[in-house]
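Peer 1: As given, the protein sequences belong to chains A and B, one line each in that order. Sequential numbering from 1 applies to the first sequence in our numbering. Sequential numbering from 1 applies to the second sequence in our numbering.
Treat each hint with caution, since some may be false.
Short derived list, chain A residues pointing at chain B, Cβ under 10 angstroms [what the hints assert, rightly or not]:
no.: 1; residue: P202
no.: 2; residue: Q204
no.: 3; residue: K494
no.: 4; residue: Q497
Which chain B residues stay away from chain A? Per the calculated CB distances, all over 10 angstroms, these [claimed, not checked]:
no.: 5; residue: S61
no.: 6; residue: C142
no.: 7; residue: V155
no.: 8; residue: F173
no.: 9; residue: V175
no.: 10; residue: I195
no.: 11; residue: A205
Note that these hints are calculated values from the structure, not bench results. Small disclaimer: the values here were computed from a predicted structure and weren't measured. Built from N, CA and C at the ideal position, the CB exists for glycine as well.
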Amino acid sequence: MEIPMFRRVLFVALIAIAGMPCARADSPAVTAVLTSSEAEVDQPVQLQIKVTGGSGATPPSDIAVDGLDIRYSGSSQEFRLNGLNASSSVVYNYTVLPLKAGTFTIPPQVVHAAGGLLRTPALTLNVAPNDGAAAGSRRGANALDERKMVFAELVIPRTSAYVGEIVPAEIRLGFNTRVRARLADGPNLIGQGFTTQRMPQPQQSIETIDGRAYQVVTFKTAIAAARSGKFEIGPVEAKAIVQVPRRSGSRTRSPFDIFGMDDPFSDPFFNDPFAGLAEQREIKIQSQPVTLEVKPLPPNAPPGFSGAVGIFNLTTDVKPKTAQIGDPLTATASISGRGNFDRVTAPIMESDRGWHTYPPSSTFKPDDDIGISGTKSFELVLTPNERKDAVPPLIFTYFDPLKEKYVTLKGDKLPVVVEGGAAPAVTPAFASSSVPTTPVAAGPTPESQAQDILYQVTDHENWGQTFAPIFMCPVFWTAQAVPLLGLIGFFGWKSRQRRLENREAQKRATWEHETSELQKKLRRADESPDRYFAEALRLVQLKTALARKVEPNTVDAESAVAAFQLSGEKRDRVRELFRRSDELRYSGGQDGDGMVAEETRHEVLELIDSLS
Amino acid sequence: MRAKVSAFMAAGLLCLTIAPRTHAEADSVFAKANAEYAAGHFREAITDYESLVKAHQWSTSLFYDLGNAYFRVGDLGRAILNYERALALDPSQPEAQANLRLVRDQARALELAKSWPEEHLAFLTSNQYAWAAAAAFWCAACMICAFYFARRGSVVWIFTLLLLSAICVGSAFAVYAFENGSTGRDLAIVTGKKIQARLATADNAGAVLVLPPGSEVKILSTRGNWTYAALPNELRGWIPAESAERVRL
């Protein structure tokens, strides 16, 4: 029983092995189909190029047909086991968007597969004009017309303006609430001859237009024409990415599945599960342009007009209220209102005679998001050159587009008290005493006659002064030699002193050592009298030298007595010691049997020990 | 050796002989210039004053009077320049200070912004700071020397040494800041009229700043007939080299 079964399996395996080369040896083939040969404008259809039996095929990257927008949207792979015959194929998907009505032919496309070139058949697509109602009924509830998905609108409330006048503008972008959309680029206001204010963060709202709900994004801005004439403002352009529901008909059946045997795994959902629910599309949104007539400003602008157009108010102030001549005062001018603040410059003084003004500084505080209304504040630093009782009024000129005329705002006269400080104005020009003074001859003089310079100085002192800084003059460095030499001298003196102190200390140490040695010797009884007394004398001399800081050799009996302030018996004994030592040294006399008597030795040691 | 000593002594004697004569000549020229000024002959006075300047017979009074003469002929830029020179020689000269302020106001001359050290350390001049630095240095050196020999110190000793070191370093820094600051060796005054600082060394290059006569600039470098300068309002630009003169000669 088992043998026939084994044979059967073996037979099937052999057949399969024999058939595999046949399957592999299938020559590559290519076909191309459209999901529908009939379409309407803006109604996409799918183009699928199927390559069978060709590994590593390269599909056409760009298919150009006038009137059709064809874009590659992905690929899917398919394996089929038909009995003993296995085959694989790759389907390349393209989205074809008809842009206009007519009959279009998609030409044969070249596909590189298995080292060869394959050609797809030419395909024909009939595109009918888009009828909204009909399309709506045909597409069903989920399909949306692109024109109804988004809209753009430019709202300019004025039809005419003056050059430089700020005209508010509003850009509205609407997205159908049934589609998911996001703004990819823009909005951009197209056109020339005008400037656009910055756009703050947009406002969003839900509005119902023609029965459809839209999410409306509103950008607020303002424009100002740079020259006169008739301008087209806009259109506004923006790009958005929208996700539209995939049409149900495109999923149901593959065009290659001619026998209705489509397996569920060939569905594009398995290539991109999310793309299967909705498809992303970048769309361009464009509004209608708006015409604006720009009128030139009237001629004969007042002096000081800097191009400010709008409606403004001026307030001024000055601080401090009291100052000396030459002290700075700060005048503050605040220009508030609505207009082109970028052209609003600092007010000028009605008369700057007797004042020295410095370049003003300014700050702008906007009252709105786009900066066309607010307050621009200027600070002008003034220094009075003479006595003053007020700062002259500050003047600001602008063009009022409502009144259609130039307006000059004049601030109040700002009372201050400027008192004379140095007051060089009242000093006579020639006050020198050593040179005869004469009135200044007529000649070119500076513009201000109210103030004059001080007198000539006729005293002359130290000719030949130099501009060189002192550290570059020889005298400076020569002067440094004094402390340097002093320091060197001090250093040398201290060093020598220290050296001498060291030598004295060494000498004392030697003496102390010798004293110690002699004391040990004298306690021994093996010395001859002449040597004993000589050493005793030396010991007295050393002790005296250590006490008096003198040379030991210069010490005699009297100096030793004086050094230790001896009196009476000790004095005599010291003298006797010196005498006996000299006697033994010079006369060579002997005492006793050649050894010092114990009693004598004891007395000498006692005497020496008492010297302290 | 003897010949060298003789030559040195001869040179010294020559100097001692010539110097008074030169000063006497300078006195007479100065007096003549003052007389011309008093007579209202300002241009003649300027010529005489300038001859003294060329002869390096410089003094505070000379530059002050020369500034006055230039003011009288309406050359405010050179008037300011000479007042600045007078103040460079003697920063405390009150007449030069007063006249400089007055003429600067009339000329609407722009001034360079002062750096922090120039603003806050201005109670001494650069030369005074140099002396202070030297004195502090030597005092500190003596203290170190004494410390070396004494081989013992105290907190007061160390504190004094640190204080002297700080004075020395601070004064040296002040000297450096003054010499390289807005009133330092590179300070120049615009003497030309209608001078515009430009972005490049060309007459048609973009303008950076209009410099009224008497405005201060700090010369940074020179290229041909153009000078690159630091300008008032923290700007920089190129100006014609002949349009500005250094304060320090």
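Peer 1: Minimum C-beta separation from C142(B) to chain A exceeding 10 angstroms: can you confirm that?
Peer 2: 6 angstroms, violated
Peer 1: Would you check whether the claim that S61(B) is not at the interface survives, using Cβ distances to chain A and the 10 angstroms cut-off?
Peer 2: 4 angstroms, violated
Peer 1: Would the least Cβ to Cβ distance between F173(B) and chain A come out above 10 angstroms?
Peer 2: 13 angstroms, holds
Peer 1: Does P202(A) hold up as a contact with chain B if the rule is Cβ-Cβ below 10 angstroms?
Peer 2: 39 angstroms, violated
Peer 1: Take a quick look at A205(B) and tell me if its Cβ sits farther than 10 angstroms from every Cβ on chain A, holds or violated.
Peer 2: Consistent with the label, A205(B) stays out of reach of chain A, its closest Cβ about 22 angstroms off (over 10 angstroms).
Peer 1: V175(B) clear of chain A by more than 10 angstroms, beta carbon to beta carbon?
Peer 2: 7 angstroms, violated
Peer 1: Does the interface hint hold: is Q497(A) within less than 10 angstroms of chain B, judged Cβ to Cβ?
Peer 2: 9 angstroms, holds
Peer 1: Just double-check V155(B) for me: nearest Cβ-Cβ distance to chain A has to come out over 10 angstroms.
Peer 2: 24 angstroms, holds
Peer 1: Tell me if the interface restraint on K494(A) is satisfied: Cβ within less than 10 angstroms of some Cβ in chain B.
Peer 2: 5 angstroms, holds
Peer 1: Min Cβ distance, Q204(A) to chain B: is it shorter than 10 angstroms?
Peer 2: Constraint on Q204(A) not satisfied, violated at 45 angstroms.
Peer 1: Please check whether the beta-carbon of I195(B) is more than 10 angstroms away from every beta-carbon in chain A.
Peer 2: The assertion about I195(B) holds, with a minimum of 17 angstroms to chain A.
Going through the hint list in order, the structure does not satisfy hints 1, 2, 5, 6 and 9.
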